[in-house]
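Protein chains: 2
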Amino acid sequence: MDLSNGLVAVDWGTSNRRVFVLDPQGNILRSSEDDHGILNCSDFPAEVAGIRADSGGLPILMAGMVGSNRGWVEVPYVAAPATLATLAAGVKWVEPGVGIVPGVSYLEGTAADVMRGEEVQLVGALALGAIGDGLVAHPGTHGKWVEIVDSSILRFRSVMTGDIFAALKAKSILSDLLAHPAGTGEAFIAGVDHALENPDLTAELFSTRARVLLGAAPAEDASSYISGLLIGSEVRTGLGRVRADNVPLIGETVLTERFAIALARAGRTTTIVDGDTAFIAGIRAIAGAAA
Amino acid sequence: MDLSNGLVAVDWGTSNRRVFVLDPQGNILRSSEDDHGILNCSDFPAEVAGIRADSGGLPILMAGMVGSNRGWVEVPYVAAPATLATLAAGVKWVEPGVGIVPGVSYLEGTAADVMRGEEVQLVGALALGAIGDGLVAHPGTHGKWVEIVDSSILRFRSVMTGDIFAALKAKSILSDLLAHPAGTGEAFIAGVDHALENPDLTAELFSTRARVLLGAAPAEDASSYISGLLIGSEVRTGLGRVRADNVPLIGETVLTERFAIALARAGRTTTIVDGDTAFIAGIRAIAGAAA
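Protein chains in written order, with the working numbering: chain A, 1 to 291; chain B, 1 to 291.
Honestly, I wouldn't trust all of these hints.
Selected chain B positions facing chain A (Cβ under 7 Å, derived; list incomplete) [to be verified]:
# : residue
1 : ASP200
2 : LEU214
3 : GLY215
4 : SER233
Please keep in mind that the hints were generated in silico from the structure rather than gathered at the bench.
C-beta atoms are modelled at their ideal positions from N, C-alpha and C, and glycine is treated no differently.
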């Protein structure tokens with residue numbers, strides 16, 4: 001892919017879309033974020049033509065749910081172990097100069113998982129030297145815990161933390177309590193600690209409400225405690241049996257900070273990798289390697 | 001409470017209401033079920049006056065969420081250990097001949113729980129000799145696992161199985177898959193077995209979707225598998241460290257059958273106790289013991 005005039009990198013997810021217009025050296029000339037996620041987009045060709053016109057006709061490389069069966073064009077998953085080279089080879093060219101990066105699939109016995117978008121940040125963080133071989137966590141609606149071996153995405157596990165929190169908030173007996181903002185203070189840490197030690201999530205969620213009803217805990221702390229319970233459960237599952245003293249966290253600050261606290265409670269150190277920086281580096285690396 | 005002319009027993013929950021008109025011997029003269037749960041009811045006095053008129057002026061004893069802070073009149077919880085005598089002493093007389101049974105609370109250290117309605121079925125099952133001391137399970141939206149000691153409700157744990165299933169169905173990445181009916185065949189049993197052995201619920205839920213996306217499992221089995229995962233998680237938590245070879249199940253057939261299968265996978269035998277029969281026996285026992 002010709003990067004001599006620059007490139008547009010698009011992180012096109014389910015709900016949101018981020019566009020980065022990059023110069024030939026990868027500096028951000030312009031960026032934007034809007035709610036034109038794939039579920040809010042009906043005319044992909046027109047949207048992409050608009051982005052291209054705004055950038056002065058630069059090539060565009062996209063990643064995320066735009067390549068899913070609910071997106072613009074379905075791009076087959078690349079099977080793990082996935083590398084920069086196999087991802088670049090799997091790019092689907094929708095039209096000249098407009099490509100979509102494939103997601104990654106993992107299937108071994110009954111273990112199965114998929115990602116779309118995170119693979120770009122992973123190869124970007126590898127290209128930057130921000131991560132190396134080992135366990136990497138990628139917090140999110142469906143957070144990923146990824147084992148990198150020989151600079152390839154060997155296997156990974158997704159955890160529905162953000163999705164379950166939102167579902168409980170939208171429609172459950174916990175809705176009222178979850179209307180309070182979730183902090184990262186003592187109640188959050190208590191939730192994390194409980195979940196790291198006790199695999200009783202579906203019961204402890206109800207206990208949280210019972211403590212409030214019985215005056216044993218303040219209502220305004222319940223949301224923080226539940227956030228801690230869900231994130232602690234994710235950390236317990238994500239760490240699993242993998243040996244990892246330090247866990248790099250890729251993503252947005254608001255989430256990586258919560259996970260850094262939770263991992264510290266589990267006795268791990270963390271390194272924060274900015275998600276946008278990793279995404280841009282990953283798109284440039286894939287574009288450079290793509291035909 | 002004077003039962004010489006009969007009694008109306010009302011199981012008034014969040015979404016539904018069941019009314020049983022009983023003769024002096026406890027036989028059902030008439031029963032009805034409707035969706036006038038407390039969330040769909042604005043004029044409790046008029047509703048109750050209607051029930052009373054329909055029954056020819058019999059006394060009424062109610063239980064369930066009608067006595068909660070979102071119901072008609074809030075009736076304070078009776079603290080565990082709770083017995084037939086303490087429940088009867090806690091009945092709140094809203095007007096002459098119209099009473100509401102209290103719920104039960106459990107608070108010990110940070111462990112906290114509440115029930116409203118299940119306590120009636122428990123004392124009813126005890127009165128009938130259908131259960132004795134030991135662990136009893138009460139499947140539901142917020143299923144209860146109750147330790148009965150010396151015929152009293154000593155401690156219990158609620159598990160949000162039904163509520164979480166409904167929340168995931170209403171609003172999550174699993175919504176489409178959960179639109180399929182949940183059966184009790186191989187996929188359900190596989191979910192139960194997985195959850196009995198693995199405390200990774202929030203990740204395994206996502207794996208279920210990934211298997212479908214990757215063609216490793218049929219979409220129409222996912223709902224059954226997820227039901228199995230949630231029920232298996234509940235059984236693992238509910239059994240906890242309590243020793244119980246046989247676990248009586250109180251409730252509706254459609255739920256108790258699923259739990260009987262799951263408990264069998266956990267190596268336990270079960271006894272099914274019909275929820276309505278237990279409720280009517282419990283209301284009559286409490287009415288007989290109440291002032």
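We went through each hint and held it up to the structure:
1. ASP200: holds (4 Å)
2. LEU214: At about 5 Å, which falls below the 7 Å cut-off, the nearest Cβ of chain A leaves the hint on LEU214 of chain B intact, so it holds.
3. GLY215: Violated: closest Cβ of chain A sits about 9 Å from GLY215 of chain B, beyond 7 Å.
4. SER233: Holds: closest Cβ of chain A sits about 5 Å from SER233 of chain B, inside 7 Å.
Consistency with the previously given hints fails for number 3 only.
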